[in-house]
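**Student:** Protein chains in written order, with our numbering: chain A, 1 to 303; chain B, 1 to 90; chain C, 1 to 387.
If you are wondering where the hints come from, they were derived from the structure by calculation, not from laboratory data. Hints should not be assumed to be uniformly reliable.
To be verified - Mimicking EDC-like on lysine to aspartate or glutamate, the simulated pairs with C-alpha atoms at most 16 angstroms apart in a straight line are:
no.	chain 1	residue 1	chain 2	residue 2
1	B	Lys3	C	Glu203
2	A	Lys86	A	Asp63
3	A	Lys39	C	Glu203
Unchecked claim - Chain C side only, calculated, beta carbon under 8 angstroms to chain B, not exhaustive:
no.	residue
4	Pro205
5	Phe208
6	Lys372
Every residue gets a Cβ at the ideal spot worked out from N, C-alpha and C, and that includes glycine.
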Amino acid sequence: MILAIKDLPREECYIPGSAACPGCPATMALRIVFKAIGKKMIMIVPACCTAVIESLHPKTSFDIPTMNIAFEAAAAGASGVEAGLKMLGRKDITVVAWAGDGGTYDIGIQALSGALERNTDFIYICYNNQIYSNTGIQRSGATPYAAWTTTTVSGKTEFRKEMGEIIQAHHIPYAAQACVAYPEDLFRKIQKAKSIKGPKYIEIMAPCPPGWRFGMEKTVEMGTMAVETGAWALYEYENDKVTFNGKSKLILEGKIDRKPIEDWIKYQGRFRHLFIPKKDVKRIKALEDHVDQIWERYRSCYL
Amino acid sequence: MKKYNISTTISYPVKGAMGRTGNWRVFKPILDKKKCVKCLRCWIYCPEATVIRNKDDTVDIDYEYCKGCGICANVCKVKAIVMEREGAKK
Amino acid sequence: MSQVMIDTGNYIAAKAAVMCKPEVVAAYPITPQTTLVEGVANYKASGEFKGEYICVESEHSAMAACIGASSTGVRTFTGTSSHGLLLMHEMLHWAALARLPVIMCNINRVVGPGWNIWADENDSISQRDTGWIQFYCSSNQEIFDTIIQSFKLGEHEKVSLPVMISYNAFILSHTSMPVYVPDQKDVDNFVKKRIPKWKLEVENPITFGNIILPHEYEKVRREMQNCQENAKKLIPEIASEWKKKFGRFHGDLLEFYKCEGAEYILLSMGAIGAESKVAIDNLQKNGFKVGLARVRTFRPFPQEEILKLAKKADLIVIDRNISIGNEGALFNEVKGSIYGKTDAKVHGFIAGLGGKDVTFGDIETMCKKAIKGKATDHQVWYGLEEV
């Protein structure tokens, strides 16, 4: 069944008037997740932008039970909540860990790996803005090569981790990569995850206006360009089989060419030093080559 | 809404938890309902859930909390929403 | 009708915990706590433990999982030691500030480097600022009884704080002693089902732990302090209720041993506390007027009880820990409790660090030094300094 935007449920669990930046991809994604799962959800949130977006005690902008926990402990906290709910006989409640790329790729990777290996019945969702956004735009394991961050001022010298493939090595029932620019795709993936028992992992590309230095109205555009240039792939992993979706599928099969990486990075201030004062051909080529390499590997593994 | 009798960081859901975030705006979305084709892209992409989806799938903007990011105007394919500077003289 | 179980401190602790029917146990192994979690795993396999047993991948995750589970309203238990306790330090603060009554056994083991698995109390002493209620046990029977009492105490509506029950590595954890084990129904009657003071539930959506401004945070701290003060009153009540039901009493905040007419009171904890009883017997036989007040509860610190002692006698303190740059914690906090309120002298000793054996003979030597007026102003490192 092909979903259209109008088919998405009307109910909101996100309440307007939060501390989120204007144009925030996290709340954009969260609204879709809430719609896909519904009110019977308990969310565990480590230190990340969302912990601040919730707003100030004694008020909150989220209309579902949310537990904040220490930065590295989201998946472990979720294991505990799941066990508690199991003992209470509440199989009707979906446990969701909602973390940024910092709490997933770096400090939180141990707890995540443990929870996946232990078969915790929950959905782990990483909203990936490719930086430690909440603490002021420092680099993370998800930050792409050559990107400016406050801790990689001349541009990051390493390439980002392929978290999707690390997750696949845990052989969990379902994992997926999505993007805020494709809400129907994200909705479908979350609903699918909800219907499967065991650990599920969904990573959502979340372009961050202050973090990437682009106009706050362009969040959706940056998401679309990430997919169309191949910087981010939309795919699903189920029962050890990988299926690409949408534009990513067309790129994988060679039916369309991926757009050059410049088309994505030229709008982002975090890559400004690759264009001004003069074009850094070497680094842009390195970025482009790396994206080519990734897709070569995708083709050899998943086509 | 049950309130718990204990002093620890427990918070209760409320609209406008950070105040009237409509005050944050520099630009404000102006909707031309005649142009609107009810695609609902503005509704689904609004990060603040301040594009209100009506029963007939028309939309309205909640100016109390809209932060003026401009995504709704950016994603509207028929340019039914334009961003105007707050306080601009007509 | 009690049974007798003869087993090591760890297996006894596992039995006590399982009898309290926690719904979730999340733990990570570390020597010498391993047999505690293995004990629980055995009960899981036999079906006697019907809860969820989560084999987490680190102690930090163990406490995080206990916090997650406890926040849904269920009863939780775990155990650790030394480096494991230190690794979960951040989450110890979290559990206490979240007011979640996680019950945990800590086996007091030396902190490295180098690797040293023997008894030393620096691990749990260094966690005394976290807000946890802290007990120190000196026998397997006491471990058993204290664990059950701790569930009742921690989950009490006037407390709602996590509780740490510490006992020395190998001396207690791996030494067998006979222990009276009550009937399950008597334990059920003593510790009823947990009624959480707050919980995560879809029927009443709350956000726990978001941003809190300074004046609000201070209120949280104030209530934690008030609840530890409540615990100071409840600990003797619960201990006395246990005595009435099961006929056993190990002291409440302090355990007094032969203090009548004493001119000196020895304050010590844990295994040294047990050895102290033998030392006191010998000292009194030889005419020394010294009694024992074994410190069983370190948090809440029994300031008032210690002041009462200091009004009638001088004090001798033995610490199996050191806060480098200052003194042993018990010595320091005892002096703080009585400052400006009495003329009592307080003589301090440090003994047993790194798992060094402390015999009743050692304790007698320390007490004699203090009694004969040869004690110095500073805390004496027994065995390293001339005694």
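**Student:** Check each numbered hint from earlier against the structure, then list the numbers of those it violates in ascending order.
**Tutor:** Hints 2 and 6 contradicted; others consistent.
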